[in-house]
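Participant: We have chain A already, so just place chain B on it with the hints.
Line by line, the protein sequences give chains A and B. Residues 447 to 696 (the working numbering) make up the first sequence, in order. Residues 447 to 696 (the working numbering) make up the second sequence, in order.
By construction, these hints were calculated from the structure, which means they are not laboratory data. The structure presented is a predicted model; accordingly, all values stated were derived computationally and were not measured. Where hints are given, some of them may not hold.
Since copy identity is lost for identical chains, a pair holds within one copy or between any two.
Calculated pairs, DSS-like style, for lysine-lysine (alpha carbon to alpha carbon, straight line, at most 30 Å) [claimed, not checked]:
id, residue 1, residue 2
1, K537, K692
2, K537, K586
3, K692, K505
4, K586, K534
5, K613, K505
6, K534, K613
2 protein chains.
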Amino acid sequence: MVHARFHAPDAHAPGEVIALPADEAVHLTRVLRLARGDRIVVFNGRGQAFDAIVQSARKTGVDVVIGSPREAAPEARVSVTLVQAVLKGDKMDDVVRDAVMIGVAAIQPVVATRSEVARGALERGRRRERWERVAISSAKQCGRAIVPAVLEPEPFEAISGLVDDRKLPGPALMLVEPGSQADVSSLGDLEGPAPREASLLIGPEGGWTPEETALASERCRLITLGGRTIRGDAMALVAMAALFAKWREY
Amino acid sequence: MVHARFHAPDAHAPGEVIALPADEAVHLTRVLRLARGDRIVVFNGRGQAFDAIVQSARKTGVDVVIGSPREAAPEARVSVTLVQAVLKGDKMDDVVRDAVMIGVAAIQPVVATRSEVARGALERGRRRERWERVAISSAKQCGRAIVPAVLEPEPFEAISGLVDDRKLPGPALMLVEPGSQADVSSLGDLEGPAPREASLLIGPEGGWTPEETALASERCRLITLGGRTIRGDAMALVAMAALFAKWREY
Chain A
447 MVHARFHAPD
457 AHAPGEVIAL
467 PADEAVHLTR
477 VLRLARGDRI
487 VVFNGRGQAF
497 DAIVQSARKT
507 GVDVVIGSPR
517 EAAPEARVSV
527 TLVQAVLKGD
537 KMDDVVRDAV
547 MIGVAAIQPV
557 VATRSEVARG
567 ALERGRRRER
577 WERVAISSAK
587 QCGRAIVPAV
597 LEPEPFEAIS
607 GLVDDRKLPG
617 PALMLVEPGS
627 QADVSSLGDL
637 EGPAPREASL
647 LIGPEGGWTP
657 EETALASERC
667 RLITLGGRTI
677 RGDAMALVAM
687 AALFAKWREY
Chain B
447 MVHARFHAPD
457 AHAPGEVIAL
467 PADEAVHLTR
477 VLRLARGDRI
487 VVFNGRGQAF
497 DAIVQSARKT
507 GVDVVIGSPR
517 EAAPEARVSV
527 TLVQAVLKGD
537 KMDDVVRDAV
547 MIGVAAIQPV
557 VATRSEVARG
567 ALERGRRRER
577 WERVAISSAK
587 QCGRAIVPAV
597 LEPEPFEAIS
607 GLVDDRKLPG
617 PALMLVEPGS
627 QADVSSLGDL
637 EGPAPREASL
647 LIGPEGGWTP
657 EETALASERC
667 RLITLGGRTI
677 RGDAMALVAM
687 AALFAKWREY
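Next up, chain A with everything else stripped away, as it sits in the complex (with noise of 0.2 Å):
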């Protein structure tokens, strides 16, 4: 039987007994319907899953006993950083679904040119704490032992890697239109081994600026994926899976 799986960022080790944070709660009481003695499975988000048995579970906090460690999904050998720029409307709410279950490391949102939101708007409306949110719904569903961290968003300048390299770990590729630039390659033609580290930078519904795709290409490749036009919101999808296969993660 497939136990059901819940967030516990305080399970540490066997023995304990921990309370699962309120959103947990409410999903184990509410919607799943558990009561005290039935068996679940625990993840900190951190990379470690256990067993673990409800010992209490009322409306106002549900208490569990950690028991084994237990195999996660495995996470992918590239780790890669998706620079994913604001798309409008929740269609952020399915990259950051997608991402987690496709491997992603952790999001970085950006705010481009051509996003239709300010960042004081997404500040406002609490937006990163939502997409931390969907992450952890996400790696609930795929399996996944670890959260991946949703960073702060950012203007697309700040995370440019002309400012701060450490924003873009390891090789970055920029995701452009075809035949929008010379220097353009196809993501077949990325040589060598898989790398450890990787970012991927997606644009906005309506494509990165070419002041956007100049300042980048100072530090990325830009790669496209073909020559049919991909939705925004399916990009980093699509582009996950074909460079996983490219890095041979399937």
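Facilitator: Same frame as chain A, now just chain B:
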């Protein structure tokens, strides 16, 4: 300027005056509010696209004058038939949309043991017609001039290749959960150059049954896509992106 694209199956040659299908006429007049004299692009769904000009636009119908042939998004070099087990609710709509976007050649829905729907219900709900409309809509968005065929849903046994091999063109790859069978390969282990055509079999939310994989394994290669759980409705997109990368489509 990018002109709106419409599906016009009757478009064959420059100079013709043709009527748009009713759905497309509604889209042109009521959604995009275009009128006589406006420039559009039409594609006939079989590979040809043309510039065109609206000659008359009434609620009862739209006539357009076909202009010069126009280049459409390139078709994939490998002609992939997606054999997709029917998913719950509207999830097949998303699979059809995404498969067309990434470049599928045809879609064969199948009713698998764990598909929670019967063929009769699909027929009564006119689901195939609905999926055909989704395919047209996706072709409009992604720039293709071909609308992939959505075939009549079949029971799994009828397409598994033992009854009628023509229903699984080229090498047939069945996606399965990792560790579910002894003779499973990783996608990266596929040998040789890209085939001219291929079939890709994707199961329902609960996966293929052992009986189905056993039946299919006589004809299909069983492959996996890493150890993280991919949502049923994202599986086709992820697998096609990975295969296209493997086959140097990108």
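Participant: Decide, hint by hint, whether the structure agrees.
Facilitator: Status of each hint after checking the structure:
1. Taking CA atoms no more than 30 Å apart as the test, K537 paired with K692 passes in both settings, with 27 Å inside one copy and 28 Å between copies.
2. Taking CA atoms no more than 30 Å apart as the test, K537 paired with K586 passes in both settings, with 20 Å inside one copy and 20 Å between copies.
3. Taking CA atoms no more than 30 Å apart as the test, K692 paired with K505 passes in neither setting, with 47 Å inside one copy and 50 Å between copies.
4. For the homomeric pair K586 and K534, the shortest alpha-carbon distances inside one copy (25 Å) and between copies (21 Å) are both at most 30 Å.
5. Proximity of K613 to K505 under the C-alpha cut-off of 30 Å is found in neither arrangement, the shortest distances being 41 Å within a copy and 54 Å between copies.
6. When the C-alpha separation of K534 and K613 is checked against a cutoff of 30 Å, the pair qualifies only within one copy, where the shortest distance is 24 Å, while the shortest distance between copies is 40 Å.
When held up to the earlier numbered hints, the structure conflicts with 3 and 5 and fits the remainder.
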